Amino acid sequence: MSAEPANAVALELRDVVKEYTGGVQALRRVSVDIATGDSVAVVGPSGSGKTTMLTILGTLERATSGYVQVAGRDIVKASDSDLAGLRAFEIGFVFQGFHLQDSMTALDNVANGMLYTGAPLRERRASAKLALDRVGLEHRTTHRPQQLSGGEKQRVAIARAIAKNPTIILADEPTGNLDSKSGESVLELLHQLAAEGATLTLITHDEHVAETFPRRIQMRDGEIVGDARP
Amino acid sequence: MSVAALKRSGGFPRPRRSGRDVARLPPHELFGVALQGLRTRKLRAALSALGIAIGIGAMVAVVGVSASSQANLLSTIDSLGTNLLTVSPGTTFFGSNEVLPNTAVPMIRAMKNVQLVSGVYSVPNANVFRTPFVPSEETGGIGVDATDPELVKAMNSSVASGHFFNAASENEPTVVLGAAAAADLQITRATGHVQLFVGGTWFTVIGILNSMTLDTTLDDNVFIGLPVAERLFQVQNSPSEIYVRANVNDVSSVSNLLAATADPQNADGVDVSQPSDVLEARAAAKGQFTSLLLGLGAVALLVGAIGIANIMVISVLERRGEIGLRRALGATRRHISSQFLAESALLAVIGGVAGLVFGAIATWVYSISKNEPWVVPVYALIAAPAAGFVIGTVAGLYPAAKAARLSPTEALRST
Numbered sequence: 063m064s065a066e067p068a069n070a071v072a073l074e075l076r077d078v079v080k081e082y083t084g085g086v087q088a089l090r091r092v093s094v095d096i097a098t099g100d101s102v103a104v105v106g107p108s109g110s111g112k113t114t115m116l117t118i119l120g121t122l123e124r125a126t127s128g129y130v131q132v133a134g135r136d137i138v139k140a141s142d143s144d145l146a147g148l149r150a151f152e153i154g155f156v157f158q159g160f161h162l163q164d165s166m167t168a169l170d171n172v173a174n175g176m177l178y179t180g181a182p183l184r185e186r187r188a189s190a191k192l193a194l195d196r197v198g199l200e201h202r203t204t205h206r207p208q209q210l211s212g213g214e215k216q217r218v219a220i221a222r223a224i225a226k227n228p229t230i231i232l233a234d235e236p237t238g239n240l241d242s243k244s245g246e247s248v249l250e251l252l253h254q255l256a257a258e259g260a261t262l263t264l265i266t267h268d269e270h271v272a273e274t275f276p277r278r279i280q281m282r283d284g285e286i287v288g289d290a291r292p
Numbered sequence: 010m011s012v013a014a015l016k017r018s019g020g021f022p023r024p025r026r027s028g029r030d031v032a033r034l035p036p037h038e039l040f041g042v043a044l045q046g047l048r049t050r051k052l053r054a055a056l057s058a059l060g061i062a063i064g065i066g067a068m069v070a071v072v073g074v075s076a077s078s079q080a081n082l083l084s085t086i087d088s089l090g091t092n093l094l095t096v097s098p099g100t101t102f103f104g105s106n107e108v109l110p111n112t113a114v115p116m117i118r119a120m121k122n123v124q125l126v127s128g129v130y131s132v133p134n135a136n137v138f139r140t141p142f143v144p145s146e147e148t149g150g151i152g153v154d155a156t157d158p159e160l161v162k163a164m165n166s167s168v169a170s171g172h173f174f175n176a177a178s179e180n181e182p183t184v185v186l187g188a189a190a191a192a193d194l195q196i197t198r199a200t201g202h203v204q205l206f207v208g209g210t211w212f213t214v215i216g217i218l219n220s221m222t223l224d225t226t227l228d229d230n231v232f233i234g235l236p237v238a239e240r241l242f243q244v245q246n247s248p249s250e251i252y253v254r255a256n257v258n259d260v261s262s263v264s265n266l267l268a269a270t271a272d273p274q275n276a277d278g279v280d281v282s283q284p285s286d287v288l289e290a291r292a293a294a295k296g297q298f299t300s301l302l303l304g305l306g307a308v309a310l311l312v313g314a315i316g317i318a319n320i321m322v323i324s325v326l327e328r329r330g331e332i333g334l335r336r337a338l339g340a341t342r343r344h345i346s347s348q349f350l351a352e353s354a355l356l357a358v359i360g361g362v363a364g365l366v367f368g369a370i371a372t373w374v375y376s377i378s379k380n381e382p383w384v385v386p387v388y389a390l391i392a393a394p395a396a397g398f399v400i401g402t403v404a405g406l407y408p409a410a411k412a413a414r415l416s417p418t419e420a421l422r423s424t
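Each protein sequence line maps, in turn, to chains A and B.
Using our numbering, read the first sequence as starting at 63 and increasing by one per residue.
Using our numbering, read the second sequence as starting at 10 and increasing by one per residue.
These aren't lab readings, by the way, just hints derived from the structure by calculation.
Any given hint could turn out to be false.
[Claimed, not checked] Listed next, with one range per pair, are the computed distances between beta-carbon atoms:
{"hint": "1", "chain 1": "B", "residue 1": "390", "chain 2": "A", "residue 2": "85", "range": "46 to 52 Å"}
{"hint": "2", "chain 1": "B", "residue 1": "35", "chain 2": "A", "residue 2": "198", "range": "31 to 37 Å"}
{"hint": "3", "chain 1": "B", "residue 1": "390", "chain 2": "A", "residue 2": "141", "range": "39 to 45 Å"}
[Said to hold, decoys possible] Over the 12 Å line for every Cβ pair with chain B, so calculated as not near, a few chain A residues:
{"hint": "4", "residue": "91"}
{"hint": "5", "residue": "138"}
{"hint": "6", "residue": "277"}
{"hint": "7", "residue": "280"}
Keep in mind the model is a prediction, meaning the values are calculated, not measured.
Even for Gly, the Cβ is constructed at its ideal location relative to N, Cα and C.
Whole structure, please, built from the sequences with the hints as guidance.
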């Protein structure tokens, strides 16, 4: 895959409809561009379709109709294994629930983030070490998730997302399970990572979190109802 | 260090990239993932592997026990010697019995490479009774054979009590009992005071034989000397069976010449066989496992397989979050299904190996108690883990497919 030129569109939705079985429309003809390197918050109440949008951008689900482009790839035409490759190399996810494996050390949890790239374990661990340093957890490498605080867990999860050096970071309510202090520091870390070049899209229902982003997309009932750009 | 700085310094290694980024999970990584999955739930893994272990252990024990008994039987046969050949009259084209000429025994005795020859001549119409007052139809199925002093040596048997004929006693009305015949007649010791009523004449019991493993049909008979038989019962000097001990290295050459030597006029009418061969074949057939026990093992295996399938289904449901995460990290559906298949197969292979050990130990205990050699067939060493692998793979098919079908987003939403 060739590197995207600067300021190219990292994520693009064009008239995207997502309909779940039973006829529920989670997205109704949504169109949005997110440029490479942008930081965007998607805000909306629960049920507004913001998570659905993120999973479509993250290629975890396919749109019912419409055009989707991620990291220069036409997602509609791509095969499932192409999409998996895209997720393995280009997209880093951060979830509200951390999704760390309790049986593994922080280092191996982070190294696991690169498992499906086919990189050998030694290389994965080396990258994981750097990523943990980056999120300020160099002293926690051998700890297991249950020995970490909520904020630390989310930092490990962020390290896992960035260890493979993705071009796109997608975060789904990353501060939702954290107290306000750790939430703030996690948010700050994400902003720093975005400043270093990654495209960051973050979902939140918390206006305070959204306010820290230069661009805020408002969603309601499966439609974009506001797009505040700097 | 910032990510950008890392990128510039090349210190933050980006996975190697080819023209297309393809998600991969090499086999050794898959194995690691499966192992990790099992290690996370050790007790559960151990319990479900136990089901397979019991099934495979039962089967290995059945196979091992029968192999041990068989090995024991074969070693017994070996100790009795494989150089015994039997010569008997065949049947004619029309189904009637051939008759061996009375020169057969001396002719064979004169052959090269022959160590011992003993002829057995059936004495027709002679029955054996404890007293003359036993009704004549109650023969007990005991036959009377005339033979020479070489029989016991040729059969590599021995006398349990008393002694066998010698050159003197074969001329006298003396009788030696086969092991089974002695048991039927309820005679346990040959003291020289017991007499039997054989074909209307009193015979003194001078010996009781041990079983003749190489031809157990002889055990049902009683033996009298050939000269006595000729004198009292007008036995034709035509042997019904000739036992020949050949030199160990010349068994086949002797065997090839026996028919023509026994009856030069009609070699086709002579049957030559090697009892040790027949017994070995019979031992091999006997060594086939008891199908009932094997069936029980199979049932245990089936239950074990269902247990594994059940545990794997539960595992898939519990690990939705992990499955969703793996999909987000770049796993294809196939990676997910192979992970669960590999876990299931690994679980059952571990069960298979444990079963092999259980079975081998059970066989060992059995062989010690029976004083038999300890034999676990070599194929079991491969078959046990292989059976585990197959069972685990089959049991894992449904859970693996279920895991692969899970929607990753749904899985990720569960916190």
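Any of the earlier hints contradicted here, and which numbers?
Violated: hint 1 alone.
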